[in-house]
Every structure is written in C-alpha cells, then in structure tokens.
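Colleague: Listed here are the chains, written in short residue letters.
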Amino acid sequence: MLTVAPPHWSDEERALMTVGRWWSNWTRTRSMLAVVAALHLLGAFTLAFAPAEQLVNVGTQPAFDLMPRPVWAVLFLLGGLCSLALLHRFTGVRQVATWLVAVPAQTMWAGSTVLAVLHGGGSAMALVFLPPVVAFTALTAVVVALDYASGKR
Amino acid sequence: MWLAAATGSQDAQNALTLAIVGALSALLVALATGLFQLLAARQNRQGAPPENAQTVLFERTAVLSARADDSDDRDEAQDRRLDVIERHLDMDNANWRTPPSPLGHHD
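Residue numbers (this note's numbering), protein chains in the order written: chain S, 1 to 153; chain P, 154 to 260.
Calculated directly from the structure, the hints in this document are not laboratory data. Just so you know, not all the hints are guaranteed correct.
[To be verified] Not everything, but these chain P residues come out facing chain S in the computed CB check (under 7 Å):
hint : residue
1    : Asp164
2    : Gln166
3    : Asn167
4    : Ala168
5    : Ala172
6    : Ile173
7    : Val174
8    : Gly175
9    : Ser178
10   : Val182
11   : Phe189
For every residue, glycine included, the Cβ atom is placed at its ideal position computed from N, Cα and C.
The task is simple: from the sequences and hints, build the whole structure.
Modeller: Shown next as structure tokens:
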C-alpha cells in the first residue's frame with residue numbers, strides 16, 4: 001500500500017533534474033579534457049584556414065620544415081577528435097590514441113619555438129606559454145588515467 | 154651562397170631535432186601508457202572489479218524483487234492457513250463471524 005503519493009514532476013522539473021544530473025557527472029577531469037580537445041580543434045582550424053603569413057614565421061619555421069601545414073592540421077584535428085572520443089568515454093585504447101597524437105604534436109610545436117629562441121629568433125613569450133600547455137596536457141593524461149583506474153568512465 | 158647552405162643545413166638540423174623530440178615524446182607516451190595499462194590490468198586481476206552505480210542498482214533491484222516474491226509466497230501460505238481455520242470454525246459454529254452482543258444475549 002502506498003502511504004505517500006508519488007511526486008508528480010512537471011516537464012520543466014524533469015529537464016532541470018536532467019541538467020543537474022548531467023552537471024554532477026561532469027567532473028573536473030572532463031573539464032580539463034574538454035580544454036585539451038578545444039585547444040586541438042582550434043589549432044587544426046587555425047592551421048587549415050589562417051593566412052600563411054600569419055602562420056609561418058621564425059618561431060614556427062622549424063615545425064613547418066618538418067611537416068607541411070596540411071599534415072599539422074590533420075594531426076591537430078586527429079588529436080581533437082581523439083580527445084572528444086575520450087571525453088565521451090574513458091577507455092584504454094582511446095587514452096593511448098589521444099596522448100600518442102596530442103603530446104608529440106604539442107611537444108614538437110613547443111620545441112620549434114625553443115629552437116627558434118635558442119637561435120636568436122622567435123618569440124620569447126611563446127616560450128613561456130607553450131611548455132605549460134604541454135604540461136597541462138600531460139597532467140590531464142595522468143588525471144584521466146587515475147580516474148580510469150579508479151573505475152570512473 | 155655559403156650562408157644559404159648554412160641556413161639550409163640549420164633548417165634541416167632543426168627539423169631533425171624536432172623529429173627526434175617528437176619521436177622521443179611519442180616513445181615516452183607509449184611507454185607510460187603501456188606501463189599504466191599493464192599495472193591497471195594487474196590490479197584488476199588482483200582486486201575486486203570496481204562496481205559502477207548501474208550494477209549496484211541492478212543488484213539491489215534483484216534482491217528487492219526476490220524478497221517481494223518471498224513475501225508473496227508467505228502471504229499465499231498464510232491465506233491458505235486462514236481458509237482452513239475458517240472452514241473448521243464454520244463447521245463448529247456457522248455464526249462465529251457475527252460479533253457477540255454487548256448485552257451478552259446469544260441468538
């Protein structure tokens with residue numbers, strides 16, 4: 001016998017509860033991963049559509065000497081898509097794929113700036129900002145791995 | 154011309170350095186993720202698998218469902234027992250269901 005009448009939720013209340021549940025599942029790790037994904041997708045877009053004179057300079061020349069623009073764009077796009085896949089669900093394969101693309105791409109890009117600055121060119125401020133981006137990505141990889149190991153998917 | 158050659162060789166050297174940096178970082182990532190997967194797999198083998206919320210809910214629902222079935226069985230047994238008792242009472246006294254008069258009269 002029911003002693004308490006079941007609550008009647010309106011559509012608005014149901015929608016609010018759905019958003020609340022979604023928000024409570026959205027952890028700090030996923031926020032970090034979203035930043036990494038956005039960074040790569042934005043990088044891919046910029047590499048694909050920015051004017052050449054705004055992309056190729058002393059600081060980026062070593063990177064473009066190694067690989068042409070379209071290859072870098074595809075690499076960053078791949079990194080972004082892998083990050084999105086990982087954002088959707090944490091799996092071992094997705095982690096390996098994401099970090100195997102994202103970390104080397106970022107490291108080479110930061111390395112290009114380091115080389116340019118060491119040879120007297122490039123942007124010294126880029127040298128300040130790019131390594132922390134790589135460090136943030138590495139930190140995200142560690143945090144995702146720890147969450148994955150603790151059963152969070 | 155030597156300047157161009159030097160610049161060219163410098164660019165090639167830079168590209169080579171970057172390629173090595175990229176390959177090393179990829180190797181490092183592969184090693185780290187491989188090692189982590191290995192440790193995680195070993196931990197999963199040794200320890201109990203982590204329970205997710207859905208599994209817990211399924212298990213609890215199954216337990217409650219089994220308990221409800223048990224209760225239904227017990228209720229049916231009790232109903233049958235009551236039927237038998239009522240039949241016996243009917244045989245002894247057909248009016249046993251009538252509540253006794255507060256004045257003590259028996260019809």
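Colleague: All the hints need checking, so say for each whether the structure fits it.
Modeller: Quick rundown of the hints versus the structure:
At its closest, the beta carbon of Asp164 (chain P) sits 5 Å from a beta carbon of chain S; the interface hint therefore holds under the 7 Å criterion. A hinted interface residue such as Gln166 (chain P) counts as satisfied when its beta carbon comes closer than 7 Å to some beta carbon of chain S; here the least separation is about 9 Å, so the hint is violated. Here the hint on Asn167 (chain P) is kept, as its CB sits about 4 Å from the closest CB of chain S, short of 7 Å. Given hint, Ala168 (chain P) at the interface with chain S, holds; its Cβ is 4 Å from that chain's nearest Cβ, closer than 7 Å.
For Ala172 (chain P), the suggested interface contact is upheld, since its CB lies about 6 Å from the closest CB of chain S, less than 7 Å. For the restraint placing Ile173 (chain P) at the interface with chain S, the shortest Cβ-Cβ distance is roughly 9 Å, beyond the 7 Å limit, so the hint is violated. A hinted interface residue such as Val174 (chain P) counts as satisfied when its beta carbon comes closer than 7 Å to some beta carbon of chain S; here the least separation is about 4 Å, so the hint holds. Contact between Gly175 (chain P) and chain S, as hinted, is supported at the beta carbon level, the nearest pair being about 4 Å apart and thus within 7 Å.
This hint holds: Ser178 (chain P) has a C-beta 4 Å from the nearest C-beta of chain S, less than the 7 Å allowed. With a least beta-carbon distance of about 5 Å to chain S, the hint placing Val182 (chain P) at the interface is held under the 7 Å criterion. Taken as an interface hint, Phe189 (chain P) checks out: its beta carbon lies about 5 Å from the nearest beta carbon of chain S, inside 7 Å.
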